[in-house]
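K.L.:
As a plain string of letters, each chain reads:
There are 2 protein chains.
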Amino acid sequence: MEKTEQSVLLSFLKSRSRKVDAALERFLPREARMPEVLHKAMRYSVFAGGKRLRPALCMAGAEICGGSARQVLPAACALEVLHTYSLVHDDLPAMDDDDVRRGRPTNHKVFGDGLAILAGDGLLTLAFELIARNAEVSGVQPEWAVEASRVVAVAAGSLGMVGGQAVDLVSAGNAALNGHRAQVLDYIHRHKTGALIRASLDVGAVLVGAGRDERRALARYGENIGLAFQIADDVLDVVGDKKLLGKKGSDQDNRKLTFPAVYGLEESRRRAHKAVSDAKRALRRFGSRAEVLSALADYMIERDR
Amino acid sequence: MEKTEQSVLLSFLKSRSRKVDAALERFLPREARMPEVLHKAMRYSVFAGGKRLRPALCMAGAEICGGSARQVLPAACALEVLHTYSLVHDDLPAMDDDDVRRGRPTNHKVFGDGLAILAGDGLLTLAFELIARNAEVSGVQPEWAVEASRVVAVAAGSLGMVGGQAVDLVSAGNAALNGHRAQVLDYIHRHKTGALIRASLDVGAVLVGAGRDERRALARYGENIGLAFQIADDVLDVVGDKKLLGKKGSDQDNRKLTFPAVYGLEESRRRAHKAVSDAKRALRRFGSRAEVLSALADYMIERDR
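Protein sequences, first through last, are from chains F and Y.
Plus 12 on top of the position in the first sequence (first one is 1) and you've got our numbering.
Plus 12 on top of the position in the second sequence (first one is 1) and you've got our numbering.
Hints in this document: simulated from the structure, not taken from any laboratory.
Wrong hints could be hidden among the right ones.
One copy or two, it doesn't matter: identical chains are merged, so the pair holds either way.
Okay, derived cross-link-like pairs now, DSS-like style, lysine-lysine, Cα gap no bigger than 30 Å in a straight line [as the list claims (entries may be wrong)]:
1) 31 with 63
2) 121 with 268
3) 31 with 268
4) 268 with 15
5) 121 with 292
6) 31 with 292
7) 286 with 31
8) 52 with 268
9) 26 with 63
10) 52 with 286
11) 15 with 63
12) 63 with 121
13) 286 with 268
14) 26 with 52
15) 15 with 286
16) 268 with 26
17) 26 with 15
18) 31 with 52
19) 292 with 52
20) 121 with 286
All values derive from a computational prediction rather than experimental measurement.
Using the sequences and the hints, build the whole thing.
P.N.:
Written as structure tokens, this is what we have:
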């Protein structure tokens, strides 16, 4: 990534995440509202230092189609809230059983398993309230909000994100998979992370009335950056683990399907680079308006976590 | 309840629940679709012999406002799917820790805690997909579907059903509550069960374009039958437990806030009857169209479970 491209991107991400944080502050029920402990748990994970990538993609999707970030702000927040719920539930002992996320104790470690489940349920439900409320923004037609809600529900549900997590859960440590590890890995990542990243862009486009061709191009872009994002994550896990965690990291690699485990480190990196260039090719029709999303594609494999 | 009134109601409930079952069969992803085990878990709890009360209320709400049951069928199914998700999550060991529901092992007993959490998440998400798809039914305006989605999200979220469950969870066995048991009991039931019952009627009205006054009357009706329903449930628990469960039942009574525990059996029954007559009074403006909902109000305290 060139210096100027990078600085355009960083200032985009910074200004958008500031807007999103301010809006999330308004959209989430205050801690003082009953049930206080539930709202505290919901806020604990929403304000835990996330980079607001999905809202940024949603707003960039709106802008590249000729709309404004303001027009999709509630839905952009909905995507972050949805992403947060998925992390809270994934961290539970019955799932990935993680004690720490972003350097802080996970939700259930602080509030207990029952409240963490309910905080996740509350966030998931709030996401759909926010999408419905996006219809109140001037210039947004009600049928666009309905379509946005449908797109998000399909991407987040049992044929999307929840489905990816389910396959991840049942395939962990399952020796019977050995014959088709590559297919299972592909399924997990397309669904567990890919579907919501793709939907983030699509929702931004839908809510500004984008046409079918624009939506299709953004979907292709979204699929490819989702793939690049996930491969980079897996690669960083291996490289980072070797540096930081020693043996514990490599045990996890063996238990979980990852790109480096299936394809090796070099082939994984090659696939990530190919996905980035496929993503950028999908943006061609947008001409000079594609600057930010093009830089974001590069950023997927260059970011630190 | 008179004989003719009762037979009108029973034939209404039967015909509506048949429609709903057939529609749910179409709306839920087939077990053969990947991830098979997740879809199996979702279907296991949706097709577990529920009476489809919330869909019936939604369809009756549409009909009393001059619309048809057909017009609100996807949303009616969404309400049942939402109710099912709440049961699956409530039964988890981290919550009420129940092994049996409607005579069958609970979801997590069959599929494990992780898949039960994901099945609940998948159902909750599917509910909002179905509401969005209700906009495709001819005669339904997109802004009505948006409003239906908003109403359900508020009723099911942290200020509604999930909030009620959270207070139920943190108040169980909490001695510090002794000073205000009545208020806590009231909060739990208005939110945990009441909010979704009220929303079921409102969604039916919204999706056929009902006006503010009709919606308000149905909301008052819904609040009151929700209350009657819950008191009757608590009373049946006491009466039923004494017959069937012996000591185990009474232990549970002591741990959990219930109407008989707070008000005694007779006062609980009096309150249930008052709620039923308040509910029926709210229906006056609908004249003869109120027959089914009026009979349903009586049914709330006469039903067996």
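K.L.:
Using 30 Å as the alpha-carbon threshold, which applies to residue 31 and residue 292: within, between, both, or neither?
P.N.:
within (26 Å within a copy, 48 Å between copies)
K.L.:
Classify it for me, residue 31 with residue 52: is the Cα-Cα distance of at most 30 Å met within a copy, between copies, both or neither?
P.N.:
Classified as within: same-chain Cα gap 21 Å, cross-chain 41 Å, threshold 30 Å.
K.L.:
For the identical chains here, do residue 268 and residue 26 meet the 30 Å Cα criterion within one copy, between copies, both, or neither?
P.N.:
neither (33 Å within a copy, 48 Å between copies)
K.L.:
One pair to classify: residue 26 and residue 15, alpha carbons no more than 30 Å apart. Within, between, both, or neither?
P.N.:
within (16 Å within a copy, 68 Å between copies)
K.L.:
As a check of your reading, is residue 121 near residue 268 (CA-CA no more than 30 Å) within one copy, between copies, both or neither?
P.N.:
both (23 Å within a copy, 25 Å between copies)
K.L.:
For the identical chains here, do residue 121 and residue 286 meet the 30 Å Cα criterion within one copy, between copies, both, or neither?
P.N.:
Cα proximity of residue 121 and residue 286: none, with 39 Å in one copy and 44 Å across.
K.L.:
With 30 Å as the alpha-carbon cut-off, assign the pair residue 31 and residue 268 to within, between, both or neither.
P.N.:
neither (36 Å within a copy, 44 Å between copies)
K.L.:
How would you classify residue 15 and residue 63 at a CA-CA limit of 30 Å: within, between, both, or neither?
P.N.:
Result: close within a single copy only, 21 Å intra versus 63 Å inter.
K.L.:
Between copies, within a copy, both or neither: which fits residue 286 and residue 268 at Cα up to 30 Å?
P.N.:
This pair counts as within: shortest intra-copy Cα distance 24 Å, inter-copy 58 Å.
K.L.:
Which holds for residue 63 with residue 121 at a C-alpha limit of 30 Å: within a copy, between copies, both or neither?
P.N.:
within (22 Å within a copy, 38 Å between copies)
K.L.:
Up to 30 Å between alpha-carbons, please classify residue 268 paired with residue 15: within, between, both or neither.
P.N.:
Answer is neither: 36 Å inside a copy and 62 Å across each miss the 30 Å cutoff.
K.L.:
At most 30 Å between alpha carbons: which applies to residue 26 and residue 63, within, between, both or neither?
P.N.:
So residue 26 and residue 63 pass the 30 Å test inside one copy only (9 Å; across, 51 Å).
Hints 3, 4, 5, 7, 10, 16, 19, 20, counting from the list given before, are not met by this structure.
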